[in-house]
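J.: Modelling step: build the complete structure from the supplied sequences, incorporating the hints.
As given, the protein sequences belong to chains F and S, one line each in that order.
Residue numbering for the first sequence follows our numbering, starting at 225 and increasing by one per position.
Residue numbering for the second sequence follows our numbering, starting at 335 and increasing by one per position.
These are computed hints drawn from the structure, not numbers from a lab.
Treat the hints with caution; some may be incorrect.
Sample of chain S residues at the chain F side, in silico, Cβ under 10 Å [said to hold, decoys possible]: (1) Pro395; (2) Val398; (3) Pro412; (4) Asp467; (5) Ser480; (6) Ser520.
Even for Gly, the Cβ is constructed at its ideal location relative to N, Cα and C.
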Amino acid sequence: MRLTCPSCGSRGLEEFTYRGDASVRRPAADGSEQAWVDYVYLRDNPCGRHQELWYHGAGCRSWLVVTRDTRTHEVFDVRNARDVILTERQTDAGEGEAS
Amino acid sequence: MADPLFPVLPVPHGPVRWGAMTCAQSPLAEIVSLGAFSGVGRDELVKRIHEAFGVILPDQPRAVASADGGCSFLWSGPSQWLAVAEEGAGLLSRLREVCGDVCALTSQSDSRSIMKLSGPGVREAMSRLVPIDLHPTVFGKDHVASTLAGHIPVIMWQTDDAPTYLFFVFRSFAASLFHDVSVALSGFSSSEMDICV
Ligand SMILES: [Zn+2]
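T.: Here's what the structure looks like:
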């Protein structure tokens with residue numbers, strides 16, 4: 225399996241570390257107990273398209289969000305985790321203002 | 335009785351040759367890492383370095399030389415670079431004046447040693463060692479890569495079209511890298527290593 229790092233280009237798996245589901249988000253500090261249990265312990269095991277975190281430790285040391293099919297290992301998208309979260313925050317802020 | 339330990343240089347002092355290929359330890363260099371602070375740090379850093387050194391910091395894995403040729407800047411990650419100059423150049427203090435308030439500056443001079451590989455066939459030999467494509471249409475002069483040589487993290491810089499490669503390796507891994515380089519090179523040369531470790 226190879227991943228195309230946005231900074232470094234196409235690199236082999238040995239340069240990366242898998243760090244789990246990229247779609248989980250930390251609940252609010254006063255969130256329900258169930259929300260925190262879900263966040264800390266519960267993970268889906270999807271068959272198909274999955275967003276996951278990878279760390280390019282042997283390369284540029286960036287955190288990446290990889291969209292991958294767990295059945296075929298087809299990689300649809302690799303983006304910098306920082307860009308993903310910044311975009312998300314901007315969208316949230318935009319929606320907050322609109323409502 | 336315990337075996338006595340003798341201090342031994344991890345890497346041979348002089349250049350080592352396999353056929354026409356040479357592996358030599360580069361002279362000590364001053365190395366400083368630059369990590370731009372978040373916010374306006376990155377743009378301000380690029381601007382300051384441009385004003386002081388006459389060069390634009392690369393935003394992809396490349397190396398660039400300052401206008402006076404006195405130092406080079408290597409991309410080493412998003413908003414991170416390595417500045418490299420000859421020993422005694424006073425690089426850290428100069429950078430501190432130029433951009434010490436917009437980026438984290440850390441001396442890496444004692445953390446890395448630099449191994450230089452040159453000679454015909456060295457591209458093919460190094461293709462055995464690093465998992466990246468070294469074909470000249472992909473990896474050329476002044477291209478830089480952070481990658482693994484064998485299992486050892488390195489920053490690799492092709493400095494000319496010959497090609498010549500510089501490997502920046504953590505100093506404590508220099509002996510292991512030298513061993514791996516020896517194996518890779520000796521597979522491409524009919525002659526025995528001229529100097530034994
Ligand atoms: Zn990378």
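J.: Hint by hint, say whether it matches the structure.
T.: For each hint, the structure was consulted:
At a threshold of 10 Å, the smallest CB-CB gap from Pro395 of chain S to chain F is about 6 Å, leaving the interface hint in force. Among the interface hints, the one on Val398 of chain S is violated; its C-beta lies about 16 Å from the nearest C-beta in chain F, farther than the 10 Å criterion. The beta carbon of Pro412 of chain S is positioned within 10 Å of a beta carbon in chain F (closest approach about 6 Å), and the interface hint is therefore held. At about 8 Å, the closest approach between the beta carbon of Asp467 of chain S and any beta carbon in chain F falls short of 10 Å, and the interface hint on this residue holds.
Against a cut-off of 10 Å between C-beta atoms, the interface hint on Ser480 of chain S holds, since the closest Cβ of chain F lies about 5 Å away. Annotation: Ser520 of chain S was flagged as interfacial toward chain F, and the flag is violated, the nearest CB pair being 23 Å apart, outside 10 Å.
Consistency with the previously given hints fails for numbers 2, 6, ordered from lowest to highest.
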